[in-house]
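For the sequence shown, the working numbering assigns the number 1 to the initial residue and increments by one for each residue that follows.
Be careful, since some hints might not be right.
27 Å max Cα-Cα, derived DSS-like pairs, lysine-lysine [unchecked claim]:
id, residue 1, residue 2
1, Lys103, Lys149
2, Lys109, Lys63
3, Lys149, Lys63
4, Lys109, Lys149
5, Lys109, Lys150
6, Lys103, Lys150
7, Lys150, Lys63
Because the hints were derived from the structure by calculation, they are not lab data.
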Amino acid sequence: EREPFAFNGRFTQLRYVNLWPRPVQALPPIWVPGSNSVETWELVTQQNYCYGHLSFSGFRAAKPIVDGYWDYVAAHDGDPNPHRMAFTQILCVADTDAEAERKYYDAVKYFQRVRDPAKRFATPPGFNSAESLSGMLTRVNDPAAIEDKKRATRGEMSFWEYDEKG
């Protein structure tokens, strides 16, 4: 409120409350999480929001989606500002590669095996538009990637294969 106002609380009553000085901090930027929906890309491009890509699948799996987003931004005259996109990624930090493998292999293997919900929950009818489904199919129809995903789900990859292939 811009004008002084009365405050009648349970324990305190104030005849005049004047917020001064006023906060000068601007509203924080809006981040919109997403995982490959063209409609989300459209919204964040039109409104100049930050698109937060939720990728838990590694760099190689996310790269086509990230590239697709930037291609969409360019095609729709969006600002190619690097602050338009945030990227969620799992990091395993240790002093050495051997220590990272020892500490995190079981967790990475478990996560890869349980992260994919049943298809009926991941893409229920009407959840994705035809345009979004078409884009997903063109990005994920690589036979080698499909086989890698099956191996990951069965727990047959080494720690470094999970790291490299996502």
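Results for each hint:
| no. | hint | verdict |
| --- | --- | --- |
| 1 | Lys103 to Lys149 | holds (23 Å) |
| 2 | Lys109 to Lys63 | holds (21 Å) |
| 3 | Lys149 to Lys63 | holds (16 Å) |
| 4 | Lys109 to Lys149 | holds (12 Å) |
| 5 | Lys109 to Lys150 | holds (13 Å) |
| 6 | Lys103 to Lys150 | holds (24 Å) |
| 7 | Lys150 to Lys63 | holds (19 Å) |
In terms of the numbered hints stated before, the structure departs from none.
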